[in-house]
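> Next come the chains, spelled out residue by residue.
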Amino acid sequence: MAKELLKVTDLKQYFPIKGGMLGRTVNNVQAVDGVTFTVHEGETVSIVGESGCGKSTTGRAILRLDEPTGGQVEFDGEDLLALNNRQMRKKRKDLQIIFQDPYASINPRQTVRQVLEEALEIQNVVPKAERAAKIAELMETVGLGAHQADRFPHEFSGGQRQRIGIARALSVDPKLIIADEAVSALDVSIQAQVINLMKKLQRDFSLTYLFISHDLGVVRHISDRVIVMYLGKIVEIGDKTSIFDNPQHPYTKALLSAIPVPDPDIETKKERIILQGDVPSPINPPAGCRFHTRCPFATDRCKTEVPELRTEEHMKEGHQGACHYIKEIQAGTHEAKY
Amino acid sequence: MVKPTDILKEEPILEVRNLQTSFFTEKFEVKAVDGVNFAVPKGKTLGIVGESGSGKSITSLSILRLIQNPGKIIGGEILFKGENLLDKSEAQMRRVRGNEISMIFQEPMTSLNPVYTVGQQISESYRIHQNIGKKEAMLRSIDMLKLVGIPSPEQRVKQYPHELSGGMRQRVMIAMALACDPELLIADEPTTALDVTIQAQILELMKELQQRLGMSIVMITHDLGVVAETCDYVAVMYMGKVVEYAKVADLFKNPKHPYTVGLLNSLPRHDIDLGDEELTVIKGSVPSPDNMPKGCRFAPRCPFASEICVEQLPDLEQSEDGNQIRCWIYTDEWDGDPEVKVNG
Amino acid sequence: MFTFIIRRLVQTIPVLIGVTILTFSMIHLVPGDPAQIMAGESASPQQVELMRERLGLNDPIPVQYFDYVSGVLQGDLGNSVRSGRAVSDEIAIRIRPTVELATMSTALSVFIGLIAGVLAAVRRNTFGDTFIMLVALFGLSMPNFWLGIMLIQYLAIGVDIFGFNTGIFAASGWGTWQQQVLPVITLGVAGAAIIARMTRSSMLEVIDQDYIRTARAKGVKERVVVYRHALKNAMIPVVTVVGLQFGSLLGGAVLTESVFAINGLGRFMIDAIRARDFPIMQGGVLVLAFMFVSVNIVVDILYRFLNKRIDLN
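Chains as they are written, first to last, in UniProt numbering: chain A, 1 to 338; chain B, 1 to 344; chain C, 1 to 313.
In case anyone wonders, no lab produced these hints; they're calculated from the structure.
Keep in mind it's a predicted model, so treat the numbers as computed, not measured.
Backbone N, C-alpha and C fix where the C-beta goes; we use that ideal spot for every residue, glycine too.
Treat the hints with caution; some may be incorrect.
Unchecked claim - Calculated cross-link-like contacts (lysine to any residue; reagent style SDA-like; alpha-carbon spacing at most 20 Å):
id, chain 1, residue 1, chain 2, residue 2
1, A, K240, B, R269
2, B, K27, C, N125
3, C, K221, B, E90
4, C, K308, B, I272
5, B, K207, A, R272
6, A, K270, B, E208
7, B, K88, C, K221
8, B, K134, C, N125
9, C, K232, C, S248
10, C, K232, C, D208
11, B, K44, A, T268
12, A, K199, B, S266
13, B, K283, A, R272
14, B, K81, B, D181
15, A, K270, B, L205
16, B, K3, B, S52
17, A, K270, A, K199
18, A, K270, B, M292
19, A, K269, B, E208
20, A, K12, A, A287
21, A, K199, B, N265
22, B, K283, A, T141
23, C, K221, B, I272
24, C, K308, B, T110
Unchecked claim - Pulled from the structure, derived: some chain B residues nowhere near chain A, Cβ distances all over 10 Å:
id, residue
25, R65
26, L66
27, E154
28, S266
29, I272
The following block holds chain A by itself, in its conformation from the complex (with noise of 0.2 Å):
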């Protein structure tokens, strides 16, 4: 097994509430609540979940674009929560994050070739003069013309400016990228041609992604192993056929059924799991599993006692699920209430 690039040991992330007559800290919104996990190198790994679920929170407090609240960051065996910032900006190098809306995250003032000059500049990676070279090779690379490097942001379509946003994150030559949501705004026939490109890039350049998103079939297309999580927690954990075809969590098995599917004879004959009524809020989340509000299986013992991350006897290696029931509801000896 190739070496782990990252390592994540019960990450936290609260933000806190400032309420009352003076403003103090009354409460805290527990974004990320204890999250572990490890990425390989040359591995995609993928954080799925609805809106508040904690996945691109994860994302940043990774990045320390948030500070953590807790836990460790292990990151090619050195630990980046007890970086200064300054050794923290040098690190930036190698763990690069994509977001979701391109044109936010580009000075629109820019043109491409300042955006591509200036992040070359603050890692210094590659010597002054050969840096316009290094210009028209990543354009290239994206699969932009190097004779479009002059135009601003606003000149390029959507599908464009995410090339272009993964042009800088290529830049510097890193060894982690952090995709946050980066290809959900595009339209799918633009889509598909960006997730290509990821893929390839990873093949030529052995980059490691952690690939954050709310779509499934993109996530199945793209990543080795799923990691989903629901209100600040992991739900369940496995390689992507494990999850896809054999999920353990009830709500793994809800948000996969929830998916409509191109097919309409699929559509007909599918059981659709309906959850119902919200997701809690993350300020005061249930007691016990955080998911048995809206649990079909939930018995008492659910909201009292936290489920931990476990492998079943039936479950692969590495497949893992934070479930009281998993076993009973493999087995058929646990009805759903609905």
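Fit chains B and C to the supplied structure of chain A, relying on the hints for placement.
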């Protein structure tokens, strides 16, 4: 030329013929909707699917004549129960909106007025169209909220939109739209802004209400999965034109237009593993509207495009299975690779 | 809402303390000996000493401040050096015209500004819009003392047109409506222009919102869409401007008060400054600051009332 009603088994409640809506900038005219034809069957659902810039949302706004300056409907007919909506006066049109034809929108977060309560906003529909008192309207609003599955509706009517979740707001939008028992509901990307488990709830609710109330639905979406799940017929739009118009089962089993085929192929699916295979892509991107291709709008991106495609715009024609398609490949004039024609 | 008002009131306490410190320091920050200045240049040393004693300037500064604040809390703002009467009485006489003038002209600005702003917004980029905005620009750039003089010339002194004299309003004083019309117009025009521009841009933003489209799709009349659905949202930023406007009119109506010879607070303060009447200046600033803070609280409450999205607790 074919009629849009030809493919329906049911009576049409709405028929759109050669609809043209343009936006006028100082330099040029953007033909957002460029001769669109389709029909909506009574009690069933028509899907209009397309990517951004296809004109699907403008089409839906045109039906209710809600196009604002600098946009303008410049031609065509919108026949609702046999009457052309484009001939109606503004006052007559207002009696149609929210009463006979209702609409819900993509962004439940911003589509409700932040300074009025949910109850006030639903009541307004009753008060406009049914001329009833405040109290009675509020009681009916509570009933509507119950109908769309909102718990403790007596309290909810007094709340403001920001106090509700996205899913709840979309339920409120649906309650508001269905208040006056419309015959046609236009849903413009109703679940795009919602999480997938909430989307499942809302789509289920819409299907259930359709069965109960018998209304027809136009479902505007970019999501082919949503089409497969909810629609009976579907019109695929590209650059302001319908390129394929078919029964849903046929479209997914046997897509004909190269754009539809490309769209289906480029969609990564969670239930199919491609392994290390690349996604099949549609090359290039949608041309900018000031640079509209003169022949088939899809020709610059089409893998099969031949000379005639670049030169001349094909018509929407009937294919063998009774569906309609706008593509030279399926005509006698096809001058490209004969293999393509046979294989479709 | 109640806790919000309480909290807002509590927050004003440090502001008011700051204001008392400032007004108190005024007397010490002026170059020279305040007792000498107030007693006048020709005063004898005995007179100056008497003045110093009367003002309590021989006490240590903290004691002086404490005396001053405890006086203020009891409504005692000291006595005018010129007239010898209580500052609170002097101010009470003059505050009514000022507050009335500010209130009436703000009301006029709001009335005209809102209507003009809305009309311009719904006619965006047409002749009507351009015309209204041009008039607003004119109203904004016109010095108001000049406007006052013009109004007096043509509507108070008047000119004869076909045997009818246009001088139907009074040119000076405050009390009857004939006296009030011209100063209210003079003072209200600039505010109306600002509010019109603000309302227009706010309306333009609101009118493109999704919920306006929702209202139209419901079959709501365009007039109702504009006044019921759009205006209430567009008002939210306008309220803040109106509050600031009103606040500045309270203290800044000096020119208008002078032109129309109104015995108001602004003019009174100017006179006090000329006469080096420190207690009057201190009292006036304190009263104005207090009114300004009160207006701000009212605006905040109104703002919260309109903007439901702000969590009241």
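> Give a verdict on every hint.
Status of each hint after checking the structure:
{"no.": "1", "hint": "A:K240 with B:R269", "verdict": "13 Å, holds"}
{"no.": "2", "hint": "B:K27 with C:N125", "verdict": "17 Å, holds"}
{"no.": "3", "hint": "C:K221 with B:E90", "verdict": "9 Å, holds"}
{"no.": "4", "hint": "C:K308 with B:I272", "verdict": "47 Å, violated"}
{"no.": "5", "hint": "B:K207 with A:R272", "verdict": "14 Å, holds"}
{"no.": "6", "hint": "A:K270 with B:E208", "verdict": "17 Å, holds"}
{"no.": "7", "hint": "B:K88 with C:K221", "verdict": "15 Å, holds"}
{"no.": "8", "hint": "B:K134 with C:N125", "verdict": "38 Å, violated"}
{"no.": "9", "hint": "C:K232 with C:S248", "verdict": "25 Å, violated"}
{"no.": "10", "hint": "C:K232 with C:D208", "verdict": "14 Å, holds"}
{"no.": "11", "hint": "B:K44 with A:T268", "verdict": "16 Å, holds"}
{"no.": "12", "hint": "A:K199 with B:S266", "verdict": "15 Å, holds"}
{"no.": "13", "hint": "B:K283 with A:R272", "verdict": "35 Å, violated"}
{"no.": "14", "hint": "B:K81 with B:D181", "verdict": "16 Å, holds"}
{"no.": "15", "hint": "A:K270 with B:L205", "verdict": "17 Å, holds"}
{"no.": "16", "hint": "B:K3 with B:S52", "verdict": "26 Å, violated"}
{"no.": "17", "hint": "A:K270 with A:K199", "verdict": "31 Å, violated"}
{"no.": "18", "hint": "A:K270 with B:M292", "verdict": "42 Å, violated"}
{"no.": "19", "hint": "A:K269 with B:E208", "verdict": "17 Å, holds"}
{"no.": "20", "hint": "A:K12 with A:A287", "verdict": "17 Å, holds"}
{"no.": "21", "hint": "A:K199 with B:N265", "verdict": "17 Å, holds"}
{"no.": "22", "hint": "B:K283 with A:T141", "verdict": "17 Å, holds"}
{"no.": "23", "hint": "C:K221 with B:I272", "verdict": "50 Å, violated"}
{"no.": "24", "hint": "C:K308 with B:T110", "verdict": "14 Å, holds"}
{"no.": "25", "hint": "R65", "verdict": "28 Å, holds"}
{"no.": "26", "hint": "L66", "verdict": "24 Å, holds"}
{"no.": "27", "hint": "E154", "verdict": "19 Å, holds"}
{"no.": "28", "hint": "S266", "verdict": "4 Å, violated"}
{"no.": "29", "hint": "I272", "verdict": "8 Å, violated"}
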